[in-house]
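Visitor: Take the sequence shown: its position 26, counted from the start at 1, is 26 in the working numbering, and no numbers get skipped.
Derived by calculation from the structure, the hints in this document are not laboratory data. Just so you know, even glycine gets a beta-carbon here, dropped at the ideal spot from N, CA and C. Just so you know, not all the hints are guaranteed correct.
[What the hints assert, rightly or not] In the BS3-like style, the derived pairs of lysine-lysine whose C-alpha atoms are separated by at most 25 Å in a straight line are:
1) Lys77 x Lys167
2) Lys77 x Lys143
3) Lys167 x Lys143
[What the hints assert, rightly or not] Have a look at the derived ranges for each label pair, beta carbon to beta carbon:
4) Cys50 x Lys77: 21 to 27 Å
5) Gly125 x Lys77: 26 to 32 Å
6) Asp76 x Cys50: 32 to 38 Å
7) Gln93 x Pro72: 30 to 36 Å
8) Ala92 x Ser160: 19 to 25 Å
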Amino acid sequence: MAQHPATDTTPRPALPRGRSAWGIAALLIAISACPTSAIGQKAPQSTAACPAAAEMDHQHLQGQWRAELQAPAPGDKPTTATLQLGPHPELAQSVRGTVARSGTTAQVSGDVDGGDLTLEESINGTNISATWTGQVVDGSCGKEIRGTWNNAHPTPTTPSAPFVLRKQAAWQ
1 MAQHPATDTT
11 PRPALPRGRS
21 AWGIAALLIA
31 ISACPTSAIG
41 QKAPQSTAAC
51 PAAAEMDHQH
61 LQGQWRAELQ
71 APAPGDKPTT
81 ATLQLGPHPE
91 LAQSVRGTVA
101 RSGTTAQVSG
111 DVDGGDLTLE
121 ESINGTNISA
131 TWTGQVVDGS
141 CGKEIRGTWN
151 NAHPTPTTPS
161 APFVLRKQAA
171 WQ
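Generate the whole structure from the sequences, applying the supplied hints.
Guide: What follows is the structure, given as C-alpha cells:
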C-alpha cells in the first residue's frame with residue numbers, strides 16, 4: 001500500500017555531502033550562461049549589411065522591390081509596380097519572381113553583375129515582353145537601382161521609361 005509522501009519512511013539515497021538540488025541547479029545555470037565556441041561558423045562579412053554597388057549579387061536582389069516608372073507624357077502620373085524576387089531554381093547566381101503592375105502580373109528573371117542589373121520580363125512565361133537594365137546606386141547599400149524599362153513592343157501608351165527600384169523593408 002502506498003504511503004503519503006509526508007509519512008513515507010522509505011530510505012532515499014543521500015546527496016553527496018555539501019550538495020543540494022539548489023546547488024546543482026545553480027551550477028547548471030552558470031555553465032549554460034558561458035559563451036560557446038564559434039569554431040566552424042562562417043565569419044560574417046562586413047559588407048553584407050551595406051554592399052557597395054559592385055559587390056551586390058543575386059542574394060541582395062532577393063525580396064520585395066517597389067518600382068516607379070516615369071510617366072510617358074508630362075503631367076501624367078508615374079506608373080508603380082511591385083517586384084517580388086527569389087532565388088532562381090535552375091540558374092545559380094540569378095533571381096526569378098514576378099512583377100505586378102496595373103492589374104497585370106508577369107514573370108521576371110535576371111541577375112546583377114558588377115553593379116549592373118538585367119531583368120527580363122515575360123507576360124506569357126515564354127517570350128520576353130520587356131527588359132529592365134540599370135545600375136545599383138552607389139552609397140544606397142544595394143537598396144536602390146536606376147535604369148530603363150524597355151518594352152519589347154513599345155506603343156505610345158507604353159513606351160520605354162526610366163525607372164527607380166527601391167528595396168522594401170522585410171519583416172524581421
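Visitor: With reference to the structure, classify each hint as holding or not holding.
Guide: Here's how the hints hold up against the structure:
no.: 1; hint: Lys77 x Lys167; result: holds (21 Å)
no.: 2; hint: Lys77 x Lys143; result: holds (23 Å)
no.: 3; hint: Lys167 x Lys143; result: holds (5 Å)
no.: 4; hint: Cys50 x Lys77: 21 to 27 Å; result: violated (32 Å)
no.: 5; hint: Gly125 x Lys77: 26 to 32 Å; result: holds (29 Å)
no.: 6; hint: Asp76 x Cys50: 32 to 38 Å; result: holds (35 Å)
no.: 7; hint: Gln93 x Pro72: 30 to 36 Å; result: holds (34 Å)
no.: 8; hint: Ala92 x Ser160: 19 to 25 Å; result: violated (30 Å)
Of the numbered hints listed earlier, those contradicted by the structure are 4, 8.
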